[in-house]
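Protein chains: 2
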Amino acid sequence: MGATGNHLCFDLVEESQKRNPGASICAPEGVGGFKDAAILQDYHVLPQFRNAMAKFMGKVRGDRVRFDPDRIVMVGGAAGAHEIIGFCLVDPDEALLVPTSYYPGYYHYLSRRVGVKLVPIECDSANNFKLRMEDLEAAYEMAKQNNIQVKGLLLTNPSNPSGTILDGDTLRSIAAFTNENNIHLICDDVYSAGKPDYVSIAEIVDEDRKSGGSNSLNLDLIHIVHSLSKDMGFTGLQAGIIYSYSDVVVNCVRKMSSFGLFPAQAQNVIGSVLSDEEFMVELFLGAKTGIPAEKRRSGGRNVKRFFSLLVSDKNDGTVLFKSCLVSRY
Amino acid sequence: MGATGNHLCFDLVEESQKRNPGASICAPEGVGGFKDAAILQDYHVLPQFRNAMAKFMGKVRGDRVRFDPDRIVMVGGAAGAHEIIGFCLVDPDEALLVPTSYYPGYYHYLSRRVGVKLVPIECDSANNFKLRMEDLEAAYEMAKQNNIQVKGLLLTNPSNPSGTILDGDTLRSIAAFTNENNIHLICDDVYSAGKPDYVSIAEIVDEDRKSGGSNSLNLDLIHIVHSLSKDMGFTGLQAGIIYSYSDVVVNCVRKMSSFGLFPAQAQNVIGSVLSDEEFMVELFLGAKTGIPAEKRRSGGRNVKRFFSLLVSDKNDGTVLFKSCLVSRY
Numbered sequence: 171m172g173a174t175g176n177h178l179c180f181d182l183v184e185e186s187q188k189r190n191p192g193a194s195i196c197a198p199e200g201v202g203g204f205k206d207a208a209i210l211q212d213y214h215v216l217p218q219f220r221n222a223m224a225k226f227m228g229k230v231r232g233d234r235v236r237f238d239p240d241r242i243v244m245v246g247g248a249a250g251a252h253e254i255i256g257f258c259l260v261d262p263d264e265a266l267l268v269p270t271s272y273y274p275g276y277y278h279y280l281s282r283r284v285g286v287k288l289v290p291i292e293c294d295s296a297n298n299f300k301l302r303m304e305d306l307e308a309a310y311e312m313a314k315q316n317n318i319q320v321k322g323l324l325l326t327n328p329s330n331p332s333g334t335i336l337d338g339d340t341l342r343s344i345a346a347f348t349n350e351n352n353i354h355l356i357c358d359d360v361y362s363a364g365k366p367d368y369v370s371i372a373e374i375v376d377e378d379r380k381s382g383g384s385n386s387l388n389l390d391l392i393h394i395v396h397s398l399s400k401d402m403g404f405t406g407l408q409a410g411i412i413y414s415y416s417d418v419v420v421n422c423v424r425k426m427s428s429f430g431l432f433p434a435q436a437q438n439v440i441g442s443v444l445s446d447e448e449f450m451v452e453l454f455l456g457a458k459t460g461i462p463a464e465k466r467r468s469g470g471r472n473v474k475r476f477f478s479l480l481v482s483d484k485n486d487g488t489v490l491f492k493s494c495l496v497s498r499y
Numbered sequence: 171m172g173a174t175g176n177h178l179c180f181d182l183v184e185e186s187q188k189r190n191p192g193a194s195i196c197a198p199e200g201v202g203g204f205k206d207a208a209i210l211q212d213y214h215v216l217p218q219f220r221n222a223m224a225k226f227m228g229k230v231r232g233d234r235v236r237f238d239p240d241r242i243v244m245v246g247g248a249a250g251a252h253e254i255i256g257f258c259l260v261d262p263d264e265a266l267l268v269p270t271s272y273y274p275g276y277y278h279y280l281s282r283r284v285g286v287k288l289v290p291i292e293c294d295s296a297n298n299f300k301l302r303m304e305d306l307e308a309a310y311e312m313a314k315q316n317n318i319q320v321k322g323l324l325l326t327n328p329s330n331p332s333g334t335i336l337d338g339d340t341l342r343s344i345a346a347f348t349n350e351n352n353i354h355l356i357c358d359d360v361y362s363a364g365k366p367d368y369v370s371i372a373e374i375v376d377e378d379r380k381s382g383g384s385n386s387l388n389l390d391l392i393h394i395v396h397s398l399s400k401d402m403g404f405t406g407l408q409a410g411i412i413y414s415y416s417d418v419v420v421n422c423v424r425k426m427s428s429f430g431l432f433p434a435q436a437q438n439v440i441g442s443v444l445s446d447e448e449f450m451v452e453l454f455l456g457a458k459t460g461i462p463a464e465k466r467r468s469g470g471r472n473v474k475r476f477f478s479l480l481v482s483d484k485n486d487g488t489v490l491f492k493s494c495l496v497s498r499y
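Order-wise, the sequence lines are chains A and B. For what it's worth, this note's numbering labels the leading residue of the first sequence as 171, then goes sequentially. For what it's worth, this note's numbering labels the leading residue of the second sequence as 171, then goes sequentially.
Simulated from the structure, these hints should not be mistaken for laboratory data. One or more hints might be untrue.
Put simply, identical chains are the same to the list, so a pair is met inside one copy or across any two.
[Claimed, not checked] Each computed DSS-like pair below joins lysine-lysine, with the alpha-carbon atoms no more than 30 Å apart:
hint	residue 1	residue 2
1	K321	K188
2	K425	K321
3	K287	K425
4	K287	K380
5	K188	K314
6	K287	K321
7	K188	K287
8	K321	K380
Bound conformation, chain A alone (with noise of 0.2 Å):
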């Protein structure tokens, strides 16, 4: 099937390259700048890149939320930005709690490469695969009488393969869960772009920080892992990212990234294409600006309208189907 990345807005990427040459180290206006780019081996990155991509993760949850760019880990991909926080979050025969039915890399990612146990929490598909705070529960208790420690709980939202979004009060709830717990919240939110009514848990860290309550959050718990394979279709690029919230986290998945570097190149490239403005504008409105009508794109490409059609808006378990569809454009 393989439609599950954004192949719809490669010309934008494409025009967007054309008018910004010297961002390539290899383009004729750019390739001055091969030498700084090919011995740059710094796990910090970039600060411009990570400046663009601090944007761009706020636009995908449509500007509702700021990122810090110095919170921002790349990592060559999202398998190893998922193998990465597991290292430094869980030791062996630790567990996670992952909802059902979930991303089957997990096992590869974290149990057979960590060690790490994935606990399921059982989700129904009578109430569209929605994590209910009782099987959460239930699920940390069997743990616990079983003697497994647990040590987070990793939530894809929306989910993957089902597609079901969690809504607001049930993230805040789960938040509200894993900080009572003290034990670790790692939101995997890779297919969260284009959808209005996302909630992501950085709105809920947000809306926490400025209700300063004294059940106020522990962010050092908190973690987001994202990668441009969905959004973007770059998935041979291998921008994987770790957002944490955690100042220790950040520290330590910075460190490890040194196994799987983001590339000085790709860095220049996609740095330069989420710092276009008319790209940005064509991705998230679909509608250019200064761009006469006729050179306008049609039938939906841009982030939105993919993901639109990917994700159900009844969360009635119609993902599988429709990225048939997908596949077809």
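Starting from the structure of chain A, add chain B where the hints point.
Relative to chain A, chain B alone:
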């Protein structure tokens, strides 16, 4: 200090880029290939890239041996390459023998990351830190007496930091030892380019295959780790290489490379450079064909000159001092 990579050929690389703009997925001539590169997520890596890399690896060894492109596994960086080969060959708390002094990164890549014990083989400055068979045998026996399960020997040749290069006879003896004791031989030859009298493990293997004797080496135990960080100074492009004579190991490390795939963008660019005959001639011979004399470079801008500065011909331990000199170029 920071001069362990060859910074003397970037001008040649830039010229190659200008000659072959279509190789860049960001230059106008090549941007049409952006999508294919952006969505490529195949740990086999482009065949044309592996062909170019195999040819380059042969050139680095003076064309005295040929490499099979199908045994080349690309990983995002040398650190990742070491970690992956360690993960695949050695279980936690098992050990690798390592001649001293050794690259301190091995401790991070192998011990801390994978849980591999590093058992030192003491080498002495009195004989230029050359590995002696009696010291290798003694270290192996001591490990056995202490119930340490030794799975292999990790050899860096030329050595980092001493610069010591092993002669062919010593290398043959080492290979015979690891073969006899049924342990792996992992050769990190990242600094091997440019020394005319350098003998690589690949030549020992080749020689052994041709002799076809009754004590032939078990090739399933022999593996090479390499990268383009030193020969080409491409530290930031994260081109780590694992080359194994074992089909099982090739298959295993290839799958593991999923955690830090070598991006298609870099495959296009580096593959183009390594396939550029003019570049290869200038890099290894220091003479351009068809280029007017007034445009030829002077002052040591190719691999041989770089490494003749970096590694003392006398193996007298002056590598650190000379690398200071190189850093001023």
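The hints, checked one at a time:
{"no.": "1", "hint": "K321 / K188", "result": "neither (47 Å within a copy, 52 Å between copies)"}
{"no.": "2", "hint": "K425 / K321", "result": "both (21 Å within a copy, 28 Å between copies)"}
{"no.": "3", "hint": "K287 / K425", "result": "both (24 Å within a copy, 21 Å between copies)"}
{"no.": "4", "hint": "K287 / K380", "result": "neither (35 Å within a copy, 49 Å between copies)"}
{"no.": "5", "hint": "K188 / K314", "result": "neither (57 Å within a copy, 62 Å between copies)"}
{"no.": "6", "hint": "K287 / K321", "result": "both (10 Å within a copy, 27 Å between copies)"}
{"no.": "7", "hint": "K188 / K287", "result": "neither (47 Å within a copy, 51 Å between copies)"}
{"no.": "8", "hint": "K321 / K380", "result": "within (27 Å within a copy, 55 Å between copies)"}
Checked against the numbered hints given earlier, the structure breaks hints 1, 4, 5 and 7 and satisfies all the rest.
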